[in-house]
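**Student:** Here is how the chains run, residue by residue.
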Amino acid sequence: MAEFAQFTITDAAYEAASKFVEEKWFDSANEAGIFAAAYAIRCHFDEIDPGSLYYPVSTHNYGYSSFDPDGSWEIIIKTLYNTETPRAYFRNLIIWGLEDMGCRIRESGVLQITDFL
Amino acid sequence: MRFKKITVENFGPFKDPTSVDFSARNGVSIVWGRNGRGKTTLLNAFNFVLNGTVKDRDGNVDNFLSFINEAGMNEGKYTFKVILDLENNGKAYRIVRSIAVLPGVDKPTSNNHLHMVLQVNESGNILSPADSEHFVKRIMTKEVSRFFLFDGELLTEYEELLNENSVRGGSIKSSIEQILGMPILTYGASDSESAASTIATEARKVAQNEEAVSKYTQKLDAEEDTLKYQQQELQRLKEERDACILNRNKLQNLVEDTEKLRQFSERKKNIEENMNRQHQICDDEQRAIARILKDSWQWMIAPVLRKRLLDLQSAMADLHGKEQTSKGREIIIEYIQQAIKEIYCPVCDHPISQNEREKLEAKISRIKAETDGLSPEEKVQLESYRAQQAILTGYTSVADQAQEIKVRYERYAAALVMFTDFKEHDLREIESDLEALRKNAAGTNEKAAFEYLDQFGKVSAKIAEYDQGINRVNEEIEKTKETIKKLSMTIFEKSRNKDVVLANKKVAFAETIAAIFSEGIDVYRDKLSRDVERDATEIFMKMNTEEDYGGLRINENYGLTIIRKSDGKPVPKRSAGWEHMVAFALIGALHKNAPFDGPVIMDSPFYRLDIINTKSMVKALPLIANQVLMLPYPGEIDPSATRTDIGDYIVQELEIARISSNESTIKEMSTNG
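Residue numbers (this note's numbering), protein chains in the order written: chain A, 1 to 117; chain B, 118 to 790.
FYI, nobody ran anything at the bench for these hints, they're computed from the structure.
The structure displayed is predicted, hence computed values, not measured ones.
Check each hint, because a few of them may be wrong.
Said to hold, decoys possible - Derived PhoX-like pairs: lysine-lysine, alpha-carbon spacing no greater than 20 Å straight-line:
#1 K385(B) / K19(A)
#2 K564(B) / K377(B)
#3 K385(B) / K523(B)
#4 K523(B) / K332(B)
#5 K385(B) / K556(B)
#6 K564(B) / K24(A)
#7 K24(A) / K523(B)
#8 K78(A) / K424(B)
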């Protein structure tokens with residue numbers, strides 16, 4: 001079954017992505033989102049199961065291909081998580097990563113990019 | 118000359134006739150007075166009676182109306198009077214100078230409604246108005262009076278003497294030479310030159326009718342016209358240069374006043390440049406980090422993928438091992454089965470017995486029971502693992518760039534801290550300092566401060582150009598004068614007229630006299646300089662409290678520089694207090710070297726000095742003149758210390774006491790004062 005071509009991210013995730021763009025670490029929310037998914041895998045792979053996460057639909061809508069233009073993520077996630085719904089996993093990783101980074105930025109009061117490597 | 122008594126009436130705060138009697142004894146008279154009581158008015162009274170001039174608090178000159186006592190004016194008394202009794206060359210004099218209302222004016226509302234009256238009484242005889250004028254000018258000219266009657270502010274003018282190009286310094290130098298008697302020589306020189314010139318002109322008029330010399334007289338006339346033009350040019354250049362010097366002096370004050378503004382402005386510029394540098398580092402590093410971050414996901418997930426790959430490879434190795442063991446055992450079974458079938462063992466190389474056959478068949482059963490090979494599911498799994506390995510391998514070879522980001526981020530963060538520090542502290546502080554300076558400088562901003570400096574540089578360059586021009590014109594004038602001299606000699610040599618011959622002798626005589634005077638000026642000026650330097654040094658050293666200060670050195674303007682004992686070099690930047698003491702030493706030296714003496718009146722002379730230097734200067738007071746009248750305000754000097762230090766020289770202590778807000782009087786100092 002073909003997965004979705006559009007998806008939304010939560011307000012909190014959008015807010016965190018905007019913060020990264022505002023502070024000039026990324027040119028767009030998409031770039032921040034990709035970074036967030038990578039952060040979630042790199043730093044929290046064993047802690048989170050993207051398949052068990054649920055995030056409601058919001059107004060911040062994006063085309064899937066704007067995050068994964070060549071489909072690499074889809075293949076990797078399918079392989080990594082042995083899932084048939086890699087796009088949903090990817091969305092959850094993006095949102096989880098953005099929300100977690102946003103939370104840490106709020107707690108420390110400063111966006112320190114090296115905290116997420 | 119000695120002052121005996123000064124009386125003021127309806128003058129300033131002194132409504133009723135008020136006098137200061139000077140004791141017959143030499144020494145220091147002290148008249149104490151709080152600010153606004155009338156100390157400066159007393160100094161003005163001396164200036165008025167001697168020179169007919171007054172200067173009010175705002176610096177306005179000769180605003181006589183403002184000097185009429187307010188209470189007296191309210192009573193309809195619109196005149197004032199100052200009487201000075203003095204003794205000069207054994208004769209008693211009384212100078213009475215007053216301001217009166219012009220006939221027909223009921224109540225004066227401007228200075229045009231007033232006129233000045235001077236009367237001098239010489240040993241009981243009233244001198245004519247012309248003689249009276251002549252007398253006051255003779256005893257103390259305005260230029261000379263500045264060395265007798267002065268206030269603390271006037272002392273600061275003497276700093277100008279150190280500036281060789283200063284117009285004001287030049288004017289003070291001229292006054293100094295007046296007090297030292299130089300005019301006798303300078304007038305002698307110029308009068309002799311003038312006489313020679315007049316005689317030569319007259320003689321030429323006589324000679325020009327002679328045919329033998331007429332062509333020379335024509336040339337001479339032309340040269341004289343040239344000389345006149347050159348002298349006019351010289352005058353013009355000097356006037357324009359002097360105007361520039363005045364302008365430069367004004368600019369110099371502005372430049373000095375705005376020095377801090379420029380310094381702070383430069384500091385602000387440096388801070389801003391540092392801020393920009395740090396900002397640039399932030400920008401560069403952030404841009405570099407952002408570039409790395411763009412594709413960072415690949416190397417960020419690589420460690421997890423590598424770990425996953427290792428797990429896959431381990432699982433694949435297990436399955437693969439199982440597959441290989443199973444294959445090996447199948448070969449062994451096949452081999453045994455072949456031996457059973459052929460009833461011959463190729464290993465032992467002998468036929469197989471029935472007993473051995475049974476053992477081999479049991480072994481086949483045993484091997485089969487121990488080996489079960491890969492299940493179909495396991496085979497699918499292995500294939501799946503192989504496919505996953507192929508995919509993941511492609512994403513695990515990307516180099517990790519986290520360390521580079523961390524290094525760059527450290528540089529970025531350090532620059533950001535410095536930038537913020539500059540912005541929040543250094544810049545804020547300097548901006549606040551600048552704001553305070555702008556307020557103090559009455560609205561002058563940094564732009565104006567730099568413009569003053571720029572204009573100062575331009576005006577200084579222009580002055581240098583004028584100086585060059587003046588030197589060139591002077592050289593031309595000398596050449597023209599030489600030509601005139603030669604032509605005049607030719608005329609005198611060729612003329613047969615006996616009047617011309619006689620005139621020639623007179624000219625030669627007058628020129629010789631002029632040359633003698635000129636030489637005398639140089640010799641006398643040199644002697645005066647040395648004498649003034651010596652006496653000023655003597656006075657200065659009596660006041661001096663700085664061990665390394667060894668004396669004073671004079672320049673051509675009579676400006677004095679303090680010389681250090683340690684290296685014999687001038688002290689480069691002197692404080693206002695030291696300038697003050699040097700000026701005081703100069704005045705003392707001028708009094709010692711002047712061909713006449715007189716009393717010194719000083720108003721608030723210590724305001725720029727600290728306690729120690731004030732004490733030193735007070736001690737030196739008796740050195741500068743026989744009669745000293747000092748007008749200090751309470752606190753300017755310590756009364757008891759002064760009495761201890763120069764008690765023998767204090768001839769009287771008076772105080773200016775308040776009667777009302779617009780009226781004061783002078784009385785003996787109360788004993789507890």
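**Student:** Now tell me, hint by hint, if it's right for this structure.
**Tutor:** Results of checking the hints against the structure:
Pair hint K385(B) plus K19(A) does not hold up; C-alpha atoms about 33 Å apart against a cutoff of 20 Å. Using a Cα cut-off of 20 Å, the hinted pair K564(B) and K377(B) holds, with the two alpha carbons roughly 13 Å apart. Using a Cα cut-off of 20 Å, the hinted pair K385(B) and K523(B) is violated, with the two alpha carbons roughly 33 Å apart. Distance restraint check for K523(B) and K332(B): the Cα-Cα separation of roughly 100 Å exceeds the 20 Å cut-off, and the hinted pair is therefore not satisfied.
For the hint linking K385(B) to K556(B), the alpha-carbon distance of about 17 Å falls within 20 Å, and the restraint holds. Only pairs whose Cα atoms come within 20 Å are accepted, and K564(B) paired with K24(A) is rejected, the gap being roughly 37 Å. With a C-alpha separation of about 17 Å, the suggested pair K24(A) and K523(B) falls inside the 20 Å cut-off, and the hint holds. The hinted pair formed by K78(A) and K424(B) meets the criterion: a straight-line CA distance of about 16 Å does not exceed 20 Å.
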